[in-house]
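S.K.: Between the sequences and the hints, there should be enough to build the whole structure, so can you do that?
Listed below, chain by chain, are the residues.
Number of protein chains: 2
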Amino acid sequence: MKSKLNMREVAQKANVSLATVSRAMHSPDKVSASTVERVRKATEELGYVYNATAGDILRGRSTVLGVLVPTASNALFGETLHGIQTMTVGGGYSVLQAATHYDADGEEALIESLLQRRVHALILTGVTYGLEERVEQLAREARVRIVVVWELPKPDMTASYVGFDNMEAARRMTEYLIELGHRRIGLIVGPFSKIARARHRLEGYRIALERAGIPFDADIVKERSPGLLEGREAMDRLMRTEDRPTAVFAASDLLAIGALKAARSMGLSVPGDVSVAGFDDMEVASYQEPPLTTIRVDAYKIGQIAAQTAMEPLGSPTRNYCLDADLVIRGSTGPIKPGGGR
Amino acid sequence: MKSKLNMREVAQKANVSLATVSRAMHSPDKVSASTVERVRKATEELGYVYNATAGDILRGRSTVLGVLVPTASNALFGETLHGIQTMTVGGGYSVLQAATHYDADGEEALIESLLQRRVHALILTGVTYGLEERVEQLAREARVRIVVVWELPKPDMTASYVGFDNMEAARRMTEYLIELGHRRIGLIVGPFSKIARARHRLEGYRIALERAGIPFDADIVKERSPGLLEGREAMDRLMRTEDRPTAVFAASDLLAIGALKAARSMGLSVPGDVSVAGFDDMEVASYQEPPLTTIRVDAYKIGQIAAQTAMEPLGSPTRNYCLDADLVIRGSTGPIKPGGGR
DNA sequence: ATGAAAGCGCTAACAG
DNA sequence: CTGTTAGCGCTTTCAT
Chain A
1 MKSKLNMREV AQKANVSLAT VSRAMHSPDK VSASTVERVR KATEELGYVY
51 NATAGDILRG RSTVLGVLVP TASNALFGET LHGIQTMTVG GGYSVLQAAT
101 HYDADGEEAL IESLLQRRVH ALILTGVTYG LEERVEQLAR EARVRIVVVW
151 ELPKPDMTAS YVGFDNMEAA RRMTEYLIEL GHRRIGLIVG PFSKIARARH
201 RLEGYRIALE RAGIPFDADI VKERSPGLLE GREAMDRLMR TEDRPTAVFA
251 ASDLLAIGAL KAARSMGLSV PGDVSVAGFD DMEVASYQEP PLTTIRVDAY
301 KIGQIAAQTA MEPLGSPTRN YCLDADLVIR GSTGPIKPGG GR
Chain B
1 MKSKLNMREV AQKANVSLAT VSRAMHSPDK VSASTVERVR KATEELGYVY
51 NATAGDILRG RSTVLGVLVP TASNALFGET LHGIQTMTVG GGYSVLQAAT
101 HYDADGEEAL IESLLQRRVH ALILTGVTYG LEERVEQLAR EARVRIVVVW
151 ELPKPDMTAS YVGFDNMEAA RRMTEYLIEL GHRRIGLIVG PFSKIARARH
201 RLEGYRIALE RAGIPFDADI VKERSPGLLE GREAMDRLMR TEDRPTAVFA
251 ASDLLAIGAL KAARSMGLSV PGDVSVAGFD DMEVASYQEP PLTTIRVDAY
301 KIGQIAAQTA MEPLGSPTRN YCLDADLVIR GSTGPIKPGG GR
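Residue numbers (this note's numbering), protein chains in the order written: chain A, 1 to 342; chain B, 1 to 342.
The hints are simulated quantities; they were obtained by calculation from the structure and are not laboratory data. What you are looking at is a predicted structure, and each value in this text was computed from that prediction instead of being measured. Please note that the accuracy of each hint is not assured.
Any copy, or any two copies together, can satisfy a pair, since identical chains are not distinguished.
[Unchecked claim] Only pairs whose alpha carbons sit at most 35 Å apart, straight line, appear in this in silico DSBU-like list of lysine-lysine:
1) K194 <-> K301
2) K154 <-> K194
3) K41 <-> K4
4) K41 <-> K154
5) K4 <-> K194
6) K154 <-> K4
7) K30 <-> K4
8) K41 <-> K194
9) K337 <-> K30
M.R.: Following this line, the structure appears as structure tokens:
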């Protein structure tokens, strides 16, 4: 019931000074073997647990990483989190985690709360519009390392980046659909008015259309939060527009899986009546019927590299990693039907 | 560049004492409005951020929750995490998160590291065999609150529980399959030698068979980590045994989705040739083709209640919640074929 | 090899 | 209302 169990009590029990207990725990080589053993025993008998926060304060350092993801319910960011954790465990770091739910206001508050915990670094999944300045400032003041993931490094940023070229990947996918003969291509894409990577995917789509001389039609571009329900609803609408798309690029696998469901519900065959493509290559993408054509992103690796970068000492140089994002062709996409359209 | 930016500097800048700054931040009503304003300004100009860890130490409390999940890559535990986070944000709590990957040794080390951070409470997803004693001891010493989730409250435990009856639910599902006429029912289930909730699901299956007078056959029970790949592989084996099952209960939706894929690959129709049932009702379950019959578990709610329980003061009574887990019948299960079997 | 003492960034009790 | 003082749990010189 003694709620206060500190190093001093261990010292008393072991008949040594506080300083010796500290040394016995951190650098046993500087203490006689017998003392180390006495301390170890006292620790165990009392059930003492070292207070890492107090230690961090005194050393003026921190061994905690702050990680902000859009949502923990998306397995994709779970993979990144997983990657982060595999790297931190060894280094004695812990992970403070929070989710923004695509809300910029909430995000700022969460960043603040992580900073209040004196995290060594902040790993951010993209930077919401309106927060770039704050993040830049934090990175410049160098009181905390900043690592932005899932986004391409920007040349003028002082933060580190671990991502890939969302625009290029989306362009590649759109071009592939065009190569299949599609000219009426719907897009379901994340909240591009807030999230840079969603906007980049939209950009890639636009560029591909432009290059192929296909006019951009805002009517078949749907902005949705990346979820199954949203994908289903958006697809449903797309399929009900006149002159409906013969292919739909759902720029997130969850949206695409939702779209697949909508197509089935309407009795449309995929890819016979309409092709559907995703983005991210979540593990579950290849388990769909038909298996999803998508863009492969190594979410796990992003996490691993980000953690490594984040754990570097303050003042270490900024690092930029641009990973691959390859087109993976599976069964959900196919050539346009000869007598296509409606 | 001044890496040390503390309250004292703010005090100097604002021409007040350290204590006044502290008061201005925590109880502005006890400080004159003009002083509060001066402090606010000094804080802003210096870019000072409050140090919450130092505050926690001094107050002898903690506003951090430690959460242990099997893996962050499973959207299901992501839901629970999500539920936890919605509750913590308001209360000023932060979440330290770690993943065990179904490894008891690693789990013990992670618990230790969370305790070293002086978390207020530990939210554990089940208790791995071999750790019950340690967890019990922690709960009894009451230096940290313990909330076990995803598992049924045990009568003799001093920890809090937020879960549901895994055994009952698995029994229910198995009985449903039996009612459909199946008598040869395969089981793909989580690592029951380590994880209690997997073992309870296995138990439920056994009991249902027993009641129906169907002999238990270890050959058609596969113990696998809950993953897509594992489900696919296990299903593949099950379908290649002689006298193969006419129904397979994959006691985790990921396993079931993998099983669905295996069936398709072998040209088997579901539920025509073989029925497949899952467990958990992940969001993606109803998006499969055919939609998965499964057990609905409210992972999000588990997280919310767990967080609430966890945030209660040390010494608060233990709480036990047993949530519902209902059978959800969808398209992946059906009556046995008249001329069934091979 | 060990101890005494100063101190990290903050809070709380006590004066004034 | 505000300042002074003691001190949380730990680390780290500096002596011995």
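S.K.: How would you classify K4 and K194 at a CA-CA limit of 35 Å: within, between, both, or neither?
M.R.: For K4 and K194, only the inter-copy Cα distance (34 Å) is at most 35 Å; the intra-copy one is 47 Å.
S.K.: Have a look at K337 and K30 and pick one of within, between, both or neither, based on CA distance no larger than 35 Å.
M.R.: neither (77 Å within a copy, 75 Å between copies)
S.K.: From the Cα coordinates, with 35 Å as the cut-off, is the pair K154 and K4 best called within, between, both, or neither?
M.R.: Classified as between: cross-chain Cα gap 29 Å, same-chain 49 Å, threshold 35 Å.
S.K.: At most 35 Å between alpha carbons: which applies to K41 and K4, within, between, both or neither?
M.R.: For K41 and K4, only the intra-copy Cα distance (19 Å) is at most 35 Å; the inter-copy one is 37 Å.
S.K.: Evaluate K30 and K4 at a C-alpha cut-off of 35 Å and name the case that applies: within, between, both or neither.
M.R.: Both, since 28 Å and 30 Å are each at most 35 Å.
S.K.: Taking 35 Å as the upper bound on the Cα-Cα distance, should K41 and K154 be classified as within, between, both, or neither?
M.R.: between (54 Å within a copy, 33 Å between copies)
S.K.: At most 35 Å between alpha carbons: which applies to K154 and K194, within, between, both or neither?
M.R.: For K154 and K194, the Cα distance is within 35 Å only inside one copy (17 Å; across copies 46 Å).
S.K.: With identical chains, the pair K194 and K301 could be close in the same copy or across copies; at 35 Å between alpha carbons, which is it: within, between, both, or neither?
M.R.: both (25 Å within a copy, 28 Å between copies)
S.K.: Between K41 and K194, at a C-alpha cutoff of 35 Å, which is it: within one copy, between copies, both, or neither?
M.R.: between (56 Å within a copy, 30 Å between copies)
In the structure shown, a violation is registered for the earlier hint numbered 9 alone.
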